[in-house]
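**Q** Here are the chains, one letter per residue:
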Amino acid sequence: MMSHRARGARAVVIAIAAGSLALTGCSKNEGGKSGKDSKKDQKEAAVQSKAVTYVDAAGSTGPAKEVPGAKPGGTITVYQEAGLSHLDPGQIYVSDAGQVANLLFRRLTQFQEDDKGNVSVAGDLATDSGKSSDGGKTWTFTLKDGVKDENGNAITSSDVRHSVERLYAKFIFDGPTYLQSWLSGSDYRKALPGGGFDGKHLPASVLDTPDDKTVVFHFDQPRPDLPQTLAMAGYAVVPAKGDTKEKYEKKPVATGPYKIAQNKAGKLLKLVKNTNWDPKTDSVRHQYVDGFTIQFGVTESTQTKRLIADKGENKNAIQLTNGVEATQIQDVINNPEASKRTVKGYQPYVMQLTFNLDRVKDLKVRQAVTYAVNSKSLIAGEGGAYGGDVAPNYFAPTLPGYEPAYDPYGRLKTPQGNIAKAKEILKSVPAAEKKLVFAYANSEAGQKRKVAIEDALTKVGFDIVAKEVDAASYYEQIGKLKNPYDIYISGWGQDWPSPGTVVTPIYDGSQVFDGSSNYSHVKDPKVDALTKKALTQEPAEAAKTWKEAQHYLLENVIPAAPLWYTKQFQISGSNVGGARYGSVSSLIDINRLFLKS
Amino acid sequence: MLQFIIRRTVGAFVTLFLIGAATFFLFVAAPSDYASLACGKDCSPQRLADIREALGLNLPLAQQFWDFMSGIVTGRDYPTGHCSAPCLGVSFYSGDMVWSTIMDRFPLTLTLTAGGAIVFLVVGVGAGMIAAYRRGTLVDKVATGASMVLSSFQIYFLGPVVLTILVYGTGLMEDPKYVPVTEDPVGWFVGMSIPVCVMATIFTAQYTRMARSSMIEQLAEDHVRTARAKGMSRKYVFLRYAWRGSLIPIVTVLGIDVSSMLGGAVVTELTFSLQGIGRLAVDGAVNKDLPLTMGVMLFGAFFILLINILTDVTYAWIDPRIRLS
Chain W
1 MMSHRARGAR AVVIAIAAGS LALTGCSKNE GGKSGKDSKK DQKEAAVQSK AVTYVDAAGS
61 TGPAKEVPGA KPGGTITVYQ EAGLSHLDPG QIYVSDAGQV ANLLFRRLTQ FQEDDKGNVS
121 VAGDLATDSG KSSDGGKTWT FTLKDGVKDE NGNAITSSDV RHSVERLYAK FIFDGPTYLQ
181 SWLSGSDYRK ALPGGGFDGK HLPASVLDTP DDKTVVFHFD QPRPDLPQTL AMAGYAVVPA
241 KGDTKEKYEK KPVATGPYKI AQNKAGKLLK LVKNTNWDPK TDSVRHQYVD GFTIQFGVTE
301 STQTKRLIAD KGENKNAIQL TNGVEATQIQ DVINNPEASK RTVKGYQPYV MQLTFNLDRV
361 KDLKVRQAVT YAVNSKSLIA GEGGAYGGDV APNYFAPTLP GYEPAYDPYG RLKTPQGNIA
421 KAKEILKSVP AAEKKLVFAY ANSEAGQKRK VAIEDALTKV GFDIVAKEVD AASYYEQIGK
481 LKNPYDIYIS GWGQDWPSPG TVVTPIYDGS QVFDGSSNYS HVKDPKVDAL TKKALTQEPA
541 EAAKTWKEAQ HYLLENVIPA APLWYTKQFQ ISGSNVGGAR YGSVSSLIDI NRLFLKS
Chain U
1 MLQFIIRRTV GAFVTLFLIG AATFFLFVAA PSDYASLACG KDCSPQRLAD IREALGLNLP
61 LAQQFWDFMS GIVTGRDYPT GHCSAPCLGV SFYSGDMVWS TIMDRFPLTL TLTAGGAIVF
121 LVVGVGAGMI AAYRRGTLVD KVATGASMVL SSFQIYFLGP VVLTILVYGT GLMEDPKYVP
181 VTEDPVGWFV GMSIPVCVMA TIFTAQYTRM ARSSMIEQLA EDHVRTARAK GMSRKYVFLR
241 YAWRGSLIPI VTVLGIDVSS MLGGAVVTEL TFSLQGIGRL AVDGAVNKDL PLTMGVMLFG
301 AFFILLINIL TDVTYAWIDP RIRLS
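Chain order of the listed sequences is W and U.
Mapping the first sequence onto the working numbering, position 440 (from 1) lands on 440, and the numbers just tick up by one.
Mapping the second sequence onto the working numbering, position 153 (from 1) lands on 153, and the numbers just tick up by one.
Think of the hints as simulated: they come from the structure by calculation, not from any bench.
All clues given are correct.
Stretch by stretch, here's where chain U covers chain W in the computed footprint (C-beta under 8 Å, at least three residues):
(1) 171-183
(2) 241-248
(3) 472-480
Just so you know, even glycine gets a beta-carbon here, dropped at the ideal spot from N, CA and C.
Chain U extracted, bound-state conformation (with noise of 0.2 Å):
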């Protein structure tokens, strides 16, 4: 195990290496660049250059890339002060620390992120157990159906029309926002309701409808059919062999959903005006905002790598026959 571990955690470098080199060169291949746009009204030749030069876009590519990748390790000094490891860089927008600004709005990426798997997890993962367990009754129909509806649903559907009606129309809740749980847990929990469960519905619907086949799927399965003629009842069986054999497609889905969450829910962020990792990486690429962009990218790229090498760990408790060597 620990010897697995440590091997993906070296591959999980190597490879945020790689994801860092093929975001700066794609972005510097781009055809403008942020000083450019920066420069606006009058841009005669040398106050572009003027521009490159305060954001030190007229060094060598080789160098600014080194640069910023060096800085990640050891940090950097810039005009506006000292940038500590993990240094990102600095905004060439706002001018402000990247690894700052990122940990400024993670906090609601990561409260619409647990919240929202906590919702569907529960909510989707359980109805569509149930439904399978019921198969064929009015539950299993209901279940399916409900899914069938919602998981046709977008978020930028769904959202205005349940802001419509809560917010603009009745008055019921309050425009969504962030709130920081150290500062007002009910504020916190008020104020990022609507966003999480708009999003949960989405996903929900999505679970329920993997989660009923999955467990269909291991009700049919050979150990399950042999348990039940062993005289063993069928609620049991389900819980004690079926349940968990389900949760493998699960595992895998709900790792790539949870990490790209982690990184950016962009739709759900501009939605409702939140202001979250997605809505930064939108301003970065809007703004042709290198450093920013990079430490995004990069940012959400660890979440990938680290939730995959969990969910390849949780594979092996879920299921013993498979070894992680």
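So that you can see chain W by itself, here it is in the shape it has in the complex (with noise of 0.2 Å):
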């Protein structure tokens, strides 16, 4: 790990990957044809490669660099289909509550993106991104000055332990648990099960505080991704004093840009200026707007309705997460208007054909799966080039170590999949293992991918059983160890620009039990060990090594068939300015947003 001392420059590489995240092949559309746009996508895609960054003191001081044309005031609307969650930060760990957490709350540091699209990590309540020493094991922060929440309290070095302490309590269960499971185990909460309300502390050897404004973490080993995964929306400040445990998610303090005026779950959520929030301390946010207003219940086919026709309030609207509904993506392109107030770009979602390794056990059916599958099918289900792109390998454009050319399998040349090959490869399968229990979602997308996945399966001689699954549990599912089926559509996305935060999850060994994101329940002694080599490693070395795995996984295990990467096309109305993608949301930025009159 490289530590502070070592980092003379403004900005110092930390993720020498080839591949990126600010890259990504995102774009603020103007418009043409999905085809064009699709190959645009991926020449951006390769072209924008660039390393994450880390960002010292200087490049972490605010005000934001303005946005060209910006103007204050007004109030801009907001769509979603599905109410949040959580707004108790701690509990936060989707993108929706994620999003609106970008408004509401600061935390240590926080990604920042130029207008190139590079991406780095600065402090966001800390001067800097960080200073590592002992290797890594041992990071330290420095708070800023001036920085406090809605009510005016000062941000100390106690509130930021607090709020890493509280996390550790039961009435905490929906947040990210890195952070925790690093400083005091996968069992953390028997380390302070009071959460830090009741008096007792992380021990100094663990998270240390001595003075106001400084911050130490201790881990048993290096973490070198820690600047990032504080950089998480679940790992905000929650100042003690107005913490009120489990009525904090109905009012919980800002320290952003803006805090909430008004809660009604589910359906609306007013946002408004939150006056003790002082830009100079904050590199990323603006203040443009007056407010927000977020509209819950509005389907993804009425937002995009009222914002292809850009009537009245709609002027002043955009969505949240939904993006424009599949069926109306051709409205947008073919309305040269419309499509120049969307933004596109990938999401970082690899969705792939799992097997299950308990039952599906002989590697040429895997690999003949592999071949047969049609990309380019699924992907019209998805809304054609602006939904989806083929994916020849496990790692979405969005992470570092993308490699656009790794295609073991062909993809690229047949999207549709090679019969041929899968037929040959078939040749000394016995029948009995050309049976293959499919399971799929009862729903709408659902339903297209069985069509998809059962018509280029049975033309190469599976014989496909195909089994709904009821939708809103079908993760829970495919996710028990005794799962009844053979193949599986499942999808994946980093938590921050690692491939550590995807490799780890759902192919590591010990992520084998009920539950557990890792669908294939691979458990391979050479991944393992190259999982555990890469997450202490410097991130350039670490990348070298998440490749091997890639290659390793792809190649020689094949716990899953890639199919293809999510993309996000959203739209916004014309009297919003600022609108682009947001590389590290994989959404509209909604940080910098303001309305044109």
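Hints given; two lone chains; assemble the complex.
**A** Below, the structure written as structure tokens:
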């Protein structure tokens, strides 16, 4: 791990991986045809491959760079289909609440993106992205001056300590667990059952706050990704003074540029300016508009229709995490005016046809399926080129380590599937092993996927037994260790731009248990060893190890057949300015929006 | 009458309890629960156990059920605060008191129901009566034809068509939305006019046909013929005798329609992106949110039972030959 002292430059490259995050083919859409746009996305993803950088104090100081043409005033309407499940930062793990959290809450660090798409990690509450020592086992953060919560109370190291310790309490169960596990092990709650509310604290050998401005984390092994981990919304600060425990969900204390004025769960969330937010302390966020009115329960279809029509208050509206509805994508593309108001880019998810390795034990079967699957027809069901792109391997374009040309099964050349090759491999496979039980979700998307998979595999000689699974509990069902299915489609995206948040949860042997995201139940000593090695390596070295792990997995183990990369395609009203794709969120960058008039 | 109402009320409470039990045990018999859904990424057994404990799902089923049902009468204490009777629990998904959430959404559903009922009763029953009165004329043919066409439409078809023309296309109307009538009566009326009218259109067609056929039947009754034979005018007989008698089937269907709408006009709410009781029911089912589902089910069942009683009472008022006992 590179120490802070070694970083004289303003920004230091920490992940010299091929591929990138900022990159990702993300762009402001200027209209055009889907085929061209898809090629442009792919080209940009390859050309823009940049490393994530860590930023020092100078780069972490506010105010954020002005957005060209930005004007103050007005309220932005935000549409979202489903309500937010949480507003307590400790419980936030998913992107919808994460987007809102960007406006409300500050963390020790945050991701920032420049106009060219370069992504870095800067200090948010901290003066910089952190100083590591002791070979990366110790991380020290110094808090900025002048950061206050919405009530005007200064944020101190005690608040940061409290924010970490409360994550050990049982009422926090939905958020990320990386930091807690790294500090206190997988059974971390036992280390502080009271979550710090009973006056007991983590020992200074784990979490130390020697003064009001300093926070020190001590780990038992190097944690090179810590600055990125701490940028997650789930690690936002919760001021000790305003913490109401379970009730905090209803009225969390804001530290960002906006605060909650009205919260009707599942219906309406009104945000207004937080007058105690000081732009001089924030290098990323802006406070151009007076507020945001987030309306829940507006279907994706209705959102799209309203935003295409662009009448009345819809001129001031955006989508939060929903996108253009698949059936209306062509309406948007064919409407030059509406098309100009879209942002698009890759999402972090790779969709794949996962093999249950406890049942599909013959490597040849897995190879044949991998050759046979038809990415093209699957993508057509997702809305075509605006809904997804052919995935030749397991790493998404949003991930450092992305290899656009790594295509061991020729998926890019034959996205409709290599029937001849699959048939040839199957020749020596006994008939009994050609019978595969395929689980699919009983949703509209699931039905389309079922047809595409069934069609492709039947063509090469497989006997497919399709089993419908309740869409709401689909992942729960396929996550069961003793599930009765051979193959099922699953998707995964990184928590931050590191292959460690992809390979570890879905391919590490220690993750084989009921409910785990290791849906294939792969337990390979070589993969486990490579994972263990990469997690403690410098990012540049780790990138090589992750690459080796991916190649080994895809060529020798084949726990899944890569199918497609998902893409985001959102539209906003004509009066909304500053709209661009945010590389880290894979959504519209909500921090820089303004109203043109 | 009083004895009848008391008897039916007691029966209604028993029915509500049974509906609550059926909903609860069917729900928990499903292959998944909210804890599993919430567990999401990295769902270790420990994490799942923590969620179950936090939501009270680790308690014995009988205790969970009893806590829920008794809470309706006595109220319950939650870490987020006291839930006063009638306490329908706390939503797993949002953490809100279910009763408060229902009360927040109910005005919209009431607006849809009441507005729709007024439109389809006045227009639908009115048109049906006139069609029957002028049977065989052009008026009858137009009313019958229109009702045939409109009753074959569905809200999820007609709604988007109306929105495309009036809102997205011409911009003559704003997006449907609900604002409390106490805050902005004009906004309330304008915002709900499209959903109410579209929903009422479908019902109007059905009520037109029903009212027409019911009235035609009544006009063929012996007492109507007798009245006419005694020299009473057609109009007088129509309004004095036939009209009242034709209401029985209409009241029956009206009771069913209104009670189901109060329990949630799911399709209408989804079509127009409105947040009423119907949407809550869908959210509860999709999110495996047991308290919310239980709450909405019981709330809807309450109205069905209440309106059943009111319908029976109305029968007696309409036709004194019907004895409630």
